[in-house]
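Peer 1: What follows is the residue order along each chain.
There are 4 protein chains.
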Amino acid sequence: MNIGFIGLGGMGRGIAANLLRAGHRVQVWNRSPGPVDELVALGAERAAGVIDVLQNDVLFSILADDLALRSVLLDGEPLRSAKAGLIHINLATVSVRFAAELAALHASLGQGYVAAPVFGRVDVAAAGKLNIIAAGATATLDTVQPLLDVIGQKTWRVGDEPTRANAVKIGGNFMIAAAIEAMAEASTLADAHGVEPAQFLEILTSTLFAAPVYQGYGKLIAEQRYAPAGFALRLGLKDVRLALEAGDASNVPMPFASVLRDGFLDAVAQGDGDLDWGALAKVAARRANR
Amino acid sequence: MNIGFIGLGGMGRGIAANLLRAGHRVQVWNRSPGPVDELVALGAERAAGVIDVLQNDVLFSILADDLALRSVLLDGEPLRSAKAGLIHINLATVSVRFAAELAALHASLGQGYVAAPVFGRVDVAAAGKLNIIAAGATATLDTVQPLLDVIGQKTWRVGDEPTRANAVKIGGNFMIAAAIEAMAEASTLADAHGVEPAQFLEILTSTLFAAPVYQGYGKLIAEQRYAPAGFALRLGLKDVRLALEAGDASNVPMPFASVLRDGFLDAVAQGDGDLDWGALAKVAARRANR
Amino acid sequence: MNIGFIGLGGMGRGIAANLLRAGHRVQVWNRSPGPVDELVALGAERAAGVIDVLQNDVLFSILADDLALRSVLLDGEPLRSAKAGLIHINLATVSVRFAAELAALHASLGQGYVAAPVFGRVDVAAAGKLNIIAAGATATLDTVQPLLDVIGQKTWRVGDEPTRANAVKIGGNFMIAAAIEAMAEASTLADAHGVEPAQFLEILTSTLFAAPVYQGYGKLIAEQRYAPAGFALRLGLKDVRLALEAGDASNVPMPFASVLRDGFLDAVAQGDGDLDWGALAKVAARRANR
Amino acid sequence: MNIGFIGLGGMGRGIAANLLRAGHRVQVWNRSPGPVDELVALGAERAAGVIDVLQNDVLFSILADDLALRSVLLDGEPLRSAKAGLIHINLATVSVRFAAELAALHASLGQGYVAAPVFGRVDVAAAGKLNIIAAGATATLDTVQPLLDVIGQKTWRVGDEPTRANAVKIGGNFMIAAAIEAMAEASTLADAHGVEPAQFLEILTSTLFAAPVYQGYGKLIAEQRYAPAGFALRLGLKDVRLALEAGDASNVPMPFASVLRDGFLDAVAQGDGDLDWGALAKVAARRANR
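Those sequence lines, one after another, are chains Y, Z, L and P.
Quick note: the first sequence uses our numbering, first residue 1, plus one each step.
Quick note: the second sequence uses our numbering, first residue 1001, plus one each step.
Quick note: the third sequence uses our numbering, first residue 2001, plus one each step.
Quick note: the fourth sequence uses our numbering, first residue 3001, plus one each step.
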């Protein structure tokens, strides 16, 4: 299968490189040319434009948000000129609403659509160890499974309705943000009672909370090391918005998500939007004047 | 060292049995006689009353809340009749304020006080695998360390101010409750978008959240199996109150704890106070009418 | 000045009738024909279509939400065929973002745009006693002021940037919702302590809170009389969303608005979306099992 | 009837003066002597001590919080030496729990107890225009009604269970705090969209919210004039705690009260505890970095 690839940010570069390394022919396109050169050096082909990259059997895309993907793939309707039977694998965290719109659009054009958002940061992507949440028609998923096996350690299939995969990803990112906030509040409380946040977090993350999320962000909070950002706070805010939107669309109140949204807005208002989203802990500390 | 032991609930029975098993002389007292008989059968001595059990070198206590301990150990001032130099090891989750009061009282009587709240449920206590958060004078801690080694897998010393241990325990329990609520909201969201809560929770707790707390409560929520309670919801409410009180006393806003409090109150109002505190997930589901 | 009028719901009918009564020539258009007949009987002219109604000097519009106005006035670009120099007075509560888009669009076509959302329900509109929050170019406002004087008791000018008027209206509606929630929580508390909500609310709304909003909604809550709806709960949810969006766009955390959103979602999930938004009080009562 | 009076703060001085002015014999006691001299100059008698002031037919008390009243009236059990049949009228905002304790204690001593918390600030007290919320046995209330008529413009009787009056007062103070927060969030939102808070608040408080609470605090917020405090922020925090406690005791979730508590704690943490509680608006502004 010939592969087209759109979106060569930190995540995309590692994923595309893994596809190349596995022997696939990969044609790449990116808004800025730098990353394209980098992938070409690894053996990728340079696409002349969006319509060019759509002439492959499979299209991977991983862009920052709904808007970015919309402007690349929907404005001007380039999908009408895609190769017949194209399968689009969208690795990005997009809204449930946009996932539904994309699925319907591809179906109307006789194309396949697989929602395949991933858990894992840049280093995990580079190592081919992502956890992939995939949803789409079974036959389509079966077709692309060998490609997913190249880029991830495991594919979790959650049904044929693409929106389901996005709901899982959005729910998972919400849970990460909630874990950060819980550590933030608890370690501020500990601090106010004479216990070093670092010691408090070490105890908890070595025992009941001995999981990657807690250990990773616990360390960041303990060391107050929020730059460079592994995942920028303003992207965290975006993902909490996606959770609230998804809840709103289905009448699911999410009080924790609301608290998170207000905390992220506070952080952005103070100029911390480009820090790692672990910097949510600064908000809890500031409110306690610590 | 002769040991006195007050409080033979599920946790206390396992802990006292471990002390006996390690060859210590243990004298037990409990409000209701049944558990006393059980421990006597294992080799414990029966104390005639509270003053009797205070004639040992070390006193362990593990009672349900501040009020229970206050009525046993403070009303009528039995501590004035305790053996000289008694060391009191309090394993219970009490308020920061009460811990400070107890520490001052024991000091005024020339007695030692160790705050040693524990993480772990009944089965962990029975297996001697508790995580113990300990605070008190170093010499006193050194004296009782061999006993703590019998009942726990690790003792985390957090300083000489007893209140610190309580702040850590309270912060930790708050984090558990927050994890339950995060799973509750996220799995309700997933459910509303066509993903089985069981599948959603399995994905998350096998990967980013592969920690005991998430796996244990994730399973409970997935199976909606809240009885019999491992830890009763009304005790969870008590612990969230302790977090809010500790925050209030030191000007630490805790918005997540407030959300938890309101959720627990809602659950208790609907008659679910005796279920496991994982039943907090019923509140999220009910509010979404799912 | 010849007047076009779009949107003959409960509010629009009363406002258009007042313009007719004041001697103006009013041409009306509405998606459903019934209300058009009613206004024609009062002396209005029937517009053949949207482009027809745009051939007047001034266009009033009052539609339910952003989407409705967008589909009528933007889809198919009818504004390009409007009378030169048309002034559009938008009485509806639209989002700050959409207000900015509309203002820019009209300016680009050489047309005037006045944001003029109103406070007041159907009976107030019929009596010509609305409070109008108006923003737009001063000269444009001066031109239409005589018309605004016909439909309202007072016009509050808040500057030349149309979005400002929408921010005021959205902030005001948020305050009404907050007043409802405050009464809901407080009267549930009173009830739980043996005080009839009706008595509690009478005391407060006769004294410190002797204002129309509190007296009106206090009575509704006391009598639990939520149908027929004066203002439907699902429209209240829409307005709280507008407040949250406006806050999000400018980094303003709004914790009260988040609580309101979750309460409204809960109510809609239980099937109460068509009740009056005073029915938010049912949520507080249900959570306390009263 | 001879009257004893305890608590000569700003409120108490005005109330006691009104009783004197109406021709009653009033014996006063206060922890600090200054205010006593002031009242004696107006014709009051100086009590030698607490037991002395309890030798009257009626005792008014108005102290800052539960603790203050407990230390004066319960420690050392002076009530056992009070005049037979004493009626205690407690004008202060105390907790529901303490009100119940006091009522039971007085009953056990054959004394009457009237819970009579008041709405109104210092100037209202001085003018004899308080709104009094009263609960107690009907006969007892009838006996003291002439005295209540002297100090207030209206007495609202809410039943024979004294706690009811406290629930009403606590619910009312919560509603005031909620009104402040609603104005704070909304005017911050307006400000962020180019509308002066002063203009925004003038519009709302002249129309839908034309009530004393909104006009008074709206003006404070518009002018950012928080000192000297009419009612100190830390007392506002105390009253929100009372609401949360009362809700907790009867399983009533109060999400608005939780938001308020966290906002007040934030303000106190930043050193604003002695400002007027209208300064809650500083918290909303700070979180939006405005």
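Source of the hints: derived by calculation from the structure; they are not laboratory data.
Any given hint might turn out to be false.
What the hints assert, rightly or not - DMTMM-like, lysine to aspartate or glutamate: derived pairs with alpha carbons at most 25 Å apart:
#1 Lys-3282(P) x Glu-1038(Z)
#2 Lys-1282(Z) x Asp-3248(P)
#3 Lys-282(Y) x Glu-2245(L)
#4 Lys-282(Y) x Asp-2142(L)
As the list claims (entries may be wrong) - Coverage of chain Y stretches by chain P, computed from C-beta distances (three or more under 8 Å per stretch; other residues unrestricted):
#5 219-233
#6 275-289
Claimed, not checked - Quick list of the computed label-pair ranges, beta carbon to beta carbon:
#7 Arg-31(Y) x Asp-1274(Z): 42 to 48 Å
#8 Pro-1228(Z) x Lys-219(Y): 47 to 53 Å
#9 Leu-3074(P) x Ser-1032(Z): 46 to 52 Å
#10 Ser-2032(L) x Asp-123(Y): 54 to 60 Å
#11 Ser-3032(P) x Val-1122(Z): 38 to 44 Å
#12 Arg-2031(L) x Pro-1228(Z): 46 to 52 Å
#13 Glu-1223(Z) x Arg-2031(L): 32 to 38 Å
#14 Gly-2043(L) x Ala-3227(P): 56 to 62 Å
#15 Gly-194(Y) x Asn-1002(Z): 47 to 53 Å
Predicted model only: the values in this text are computed from it and were never measured.
Backbone N, C-alpha and C fix where the C-beta goes; we use that ideal spot for every residue, glycine too.
Peer 1: All the hints need checking, so say for each whether the structure fits it.
Peer 2: Checked hints:
1. Among the hinted pairs, Lys-3282(P) with Glu-1038(Z) is inconsistent with the structure: their alpha-carbon atoms are about 60 Å apart, more than 25 Å.
2. With a C-alpha separation of about 19 Å, the suggested pair Lys-1282(Z) and Asp-3248(P) falls inside the 25 Å cut-off, and the hint holds.
3. A C-alpha spacing of about 24 Å is found between Lys-282(Y) and Glu-2245(L), which places the hinted pair at or below 25 Å, so the restraint holds.
4. About 49 Å separates the Cα atoms of Lys-282(Y) and Asp-2142(L), which puts this hinted pair outside 25 Å; it is violated.
5. Under the rule that three or more residues need a Cβ within less than 8 Å of chain P, the assignment of the stretch 219-233 of chain Y is violated, with 0 such residues.
6. Only when three residues or more bring their CB closer than 8 Å to a CB of chain P does the claim for the stretch 275-289 of chain Y stand; here the count is 3, and the claim holds.
7. In this structure, Arg-31(Y) and Asp-1274(Z) break the distance hint of 42 to 48 Å, their C-beta atoms being roughly 58 Å apart.
8. Remark: the range hint 47 to 53 Å for Pro-1228(Z) to Lys-219(Y) is contradicted by a beta-carbon distance near 37 Å.
9. Separated by about 33 Å at the C-beta atoms, Leu-3074(P) and Ser-1032(Z) break the suggested range of 46 to 52 Å.
10. In this structure the hint that Ser-2032(L) and Asp-123(Y) lie 54 to 60 Å apart at CB holds, the actual value being about 59 Å.
11. At about 55 Å, the CB distance of Ser-3032(P) to Val-1122(Z) disagrees with the hint of 38 to 44 Å.
12. Roughly 59 Å separates the CB atoms of Arg-2031(L) and Pro-1228(Z), a value that falls outside the hinted 46 to 52 Å.
13. Between Glu-1223(Z) and Arg-2031(L) the beta carbons are some 50 Å apart, a value that contradicts the proposed interval 32 to 38 Å.
14. Restraint check, Gly-2043(L) to Ala-3227(P): a C-beta distance of roughly 60 Å satisfies the suggested window 56 to 62 Å.
15. For the pair Gly-194(Y) and Asn-1002(Z), the beta carbons lie near 33 Å from each other, so the given range of 47 to 53 Å is not met.
Hints 1, 4, 5, 7, 8, 9, 11, 12, 13 and 15 from the earlier list are contradicted by this structure; the remaining hints agree with it.
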